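Asker: One letter stands for each residue in the lines below.
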Amino acid sequence: MSTDISLRILSESLGEKVLVKLRNGKMLRGVLQGYDQHMNLILDQAEEMHDDSTSRQLGVIVVRGDNIIMVSPTVKEKK
Amino acid sequence: MSTDISLRILSESLGEKVLVKLRNGKMLRGVLQGYDQHMNLILDQAEEMHDDSTSRQLGVIVVRGDNIIMVSPTVKEKK
Amino acid sequence: MSTDISLRILSESLGEKVLVKLRNGKMLRGVLQGYDQHMNLILDQAEEMHDDSTSRQLGVIVVRGDNIIMVSPTVKEKK
Amino acid sequence: MSTDISLRILSESLGEKVLVKLRNGKMLRGVLQGYDQHMNLILDQAEEMHDDSTSRQLGVIVVRGDNIIMVSPTVKEKK
Amino acid sequence: MSTDISLRILSESLGEKVLVKLRNGKMLRGVLQGYDQHMNLILDQAEEMHDDSTSRQLGVIVVRGDNIIMVSPTVKEKK
Amino acid sequence: MSTDISLRILSESLGEKVLVKLRNGKMLRGVLQGYDQHMNLILDQAEEMHDDSTSRQLGVIVVRGDNIIMVSPTVKEKK
Amino acid sequence: MSTDISLRILSESLGEKVLVKLRNGKMLRGVLQGYDQHMNLILDQAEEMHDDSTSRQLGVIVVRGDNIIMVSPTVKEKK
Numbered sequence: 001m002s003t004d005i006s007l008r009i010l011s012e013s014l015g016e017k018v019l020v021k022l023r024n025g026k027m028l029r030g031v032l033q034g035y036d037q038h039m040n041l042i043l044d045q046a047e048e049m050h051d052d053s054t055s056r057q058l059g060v061i062v063v064r065g066d067n068i069i070m071v072s073p074t075v076k077e078k079k
Numbered sequence: 001m002s003t004d005i006s007l008r009i010l011s012e013s014l015g016e017k018v019l020v021k022l023r024n025g026k027m028l029r030g031v032l033q034g035y036d037q038h039m040n041l042i043l044d045q046a047e048e049m050h051d052d053s054t055s056r057q058l059g060v061i062v063v064r065g066d067n068i069i070m071v072s073p074t075v076k077e078k079k
Numbered sequence: 001m002s003t004d005i006s007l008r009i010l011s012e013s014l015g016e017k018v019l020v021k022l023r024n025g026k027m028l029r030g031v032l033q034g035y036d037q038h039m040n041l042i043l044d045q046a047e048e049m050h051d052d053s054t055s056r057q058l059g060v061i062v063v064r065g066d067n068i069i070m071v072s073p074t075v076k077e078k079k
Numbered sequence: 001m002s003t004d005i006s007l008r009i010l011s012e013s014l015g016e017k018v019l020v021k022l023r024n025g026k027m028l029r030g031v032l033q034g035y036d037q038h039m040n041l042i043l044d045q046a047e048e049m050h051d052d053s054t055s056r057q058l059g060v061i062v063v064r065g066d067n068i069i070m071v072s073p074t075v076k077e078k079k
Numbered sequence: 001m002s003t004d005i006s007l008r009i010l011s012e013s014l015g016e017k018v019l020v021k022l023r024n025g026k027m028l029r030g031v032l033q034g035y036d037q038h039m040n041l042i043l044d045q046a047e048e049m050h051d052d053s054t055s056r057q058l059g060v061i062v063v064r065g066d067n068i069i070m071v072s073p074t075v076k077e078k079k
Numbered sequence: 001m002s003t004d005i006s007l008r009i010l011s012e013s014l015g016e017k018v019l020v021k022l023r024n025g026k027m028l029r030g031v032l033q034g035y036d037q038h039m040n041l042i043l044d045q046a047e048e049m050h051d052d053s054t055s056r057q058l059g060v061i062v063v064r065g066d067n068i069i070m071v072s073p074t075v076k077e078k079k
Numbered sequence: 001m002s003t004d005i006s007l008r009i010l011s012e013s014l015g016e017k018v019l020v021k022l023r024n025g026k027m028l029r030g031v032l033q034g035y036d037q038h039m040n041l042i043l044d045q046a047e048e049m050h051d052d053s054t055s056r057q058l059g060v061i062v063v064r065g066d067n068i069i070m071v072s073p074t075v076k077e078k079k
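Chains as they are written, first to last, in the working numbering: chain D, 1 to 79; chain Y, 1 to 79; chain G, 1 to 79; chain L, 1 to 79; chain F, 1 to 79; chain R, 1 to 79; chain P, 1 to 79.
There's no promise every hint is true.
Unchecked claim - Derived Cβ-Cβ restraints for the label pairs, each shown as a range:
1) D:L14 / F:M49: 41 to 49 Å
2) L:H50 / R:N24: 28 to 36 Å
3) G:Q37 / Y:D66: 32 to 40 Å
To be verified - Covered stretches of chain F (in silico footprint by chain P; criterion: 3 or more residues with CB under 8 Å from a CB of chain P, positions within the stretch not fixed):
4) 16–22
5) 56–68
Read the hints as simulated data drawn from the structure, not as lab findings. This one's a predicted model, so the numbers in the text were calculated from it and none came from an experiment. Beta carbons are placed, not taken as given, at the ideal position from N, Cα and C, and that holds for glycine.
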């Protein structure tokens, strides 16, 4: 198995909305604009999602990969 | 002993349901679609399992290996 | 995808105000004067932003990258 | 002193029951089926042991070495 | 951008007072006598600053870089 | 100064009782049977020491070095 | 600036009493007998200092560098 399967999944999600769960318990949503081999992510139209279904607009953000628990590259359950 | 025994077990579980225990105390279940040498995992039909036997659907997810405590490659006790 | 996409975003923000969210829950704002491949940042006119909309002036600071959760390179939502 | 003394002890325990203490305070017991240089372990017939002497069956598991505090390669005190 | 911008800022602060914020929430002040590429710092006349504006004298100290959140190389706001 | 001074101290303690303080606050005692450059330790006749002067017998254990705060290679104060 | 300034300070303190502050909040005092490039320290006549000015004798100890926040190589303020 190639070592870049995580990156291939991220590659297929470029330009798509992704969900990102952080180690601090926060959830981010945004359009994936880029990534690197550390799983650092660039999100556009990013927002921090709150438990009460509100969210805070963040604009463009760089997220350090070492804070990420998981990335959901496609938000199929929202369709 | 070869250094890739963990990866061999994961290899044998491709296409199978696995249980993943995370450092934050959460448990995930999903079909293993891929992995790499950091134990980053791709899970399809992923769900976060809650203590009250409910679960939250997550779709396809990339899980960073450094958040993982253990992976149960076959869910034999569920048969 | 090139490995330096995070750095390219930071490069485009040199001389601009950025927001930095730290692992300890604190938020910094300042003018990005420099960065390196560890995402260590140099901020000028830095201030620590408090929940009550006050802030503490810090002057020039060096922020270690491993404390950073995310950087918002442009503060578009403040316009 | 050779650098692989930990691995030699693990090697001698292949096919034997081992106790594994995790950083999250949990204790695992299982038959050691494999390991690698990161102290990732493969346990068969694994079970999570609870304080009230009950246990939860886990089947085959891959345990990431960086969650492990200690491994007791032989359970001599249980004889 | 060169990779040593953090070190250049520190270099310019040699012999000057710096403020150091630590991960454990403590704040140090002292005269920067040296540093290395891990951001380990040597501070002279170091003192730990308390919330009640008192401080504890520490003399010469070596601070490990991996405990540091940020360094303020010049204390301009104190002038 | 040579880089292996820690290992030399451990070398001199082979076959001797050592005290090991862990990051989780626990204290171990056992006869040092081996170690490696990560400060992974093999202890024989290991026991976890409790605050009430009782202890739990652990037999032979492998302790991962990254959980160790300090090792006291000789227990001179017990004589 | 040379990369070994921390080690040079430690070198000058060989045979002298040093104070060591640990990440777990504890403070150690002892005569520095050795160190290495990881800032692992060998302390002789080591003691753990308590808030009530009492201390616990530890004898010779090896302290892992990754637990250390700071080292005060000379205890000038005690003279």
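Asker: All hints, please: hold or fail.
Answerer: Hints and how they fare:
Under the hint 41 to 49 Å, the C-beta atoms of L14 (chain D) and M49 (chain F), about 47 Å apart, fit the expected range. As the Cβ distance of H50 (chain L) to N24 (chain R) is approximately 18 Å, the hint placing it in 28 to 36 Å is violated. Take Q37 (chain G) and D66 (chain Y): their Cβ atoms lie about 20 Å apart, and the range 32 to 40 Å is violated. Chain P is given as covering the segment 16–22 of chain F, and this is violated because 1 residues of the stretch bring a CB closer than 8 Å to a CB of that chain, at least three being needed.
Against chain P, the segment 56–68 of chain F contributes 10 residues with a C-beta closer than 8 Å to a partner C-beta. That satisfies the three-residue criterion, and the hint holds.
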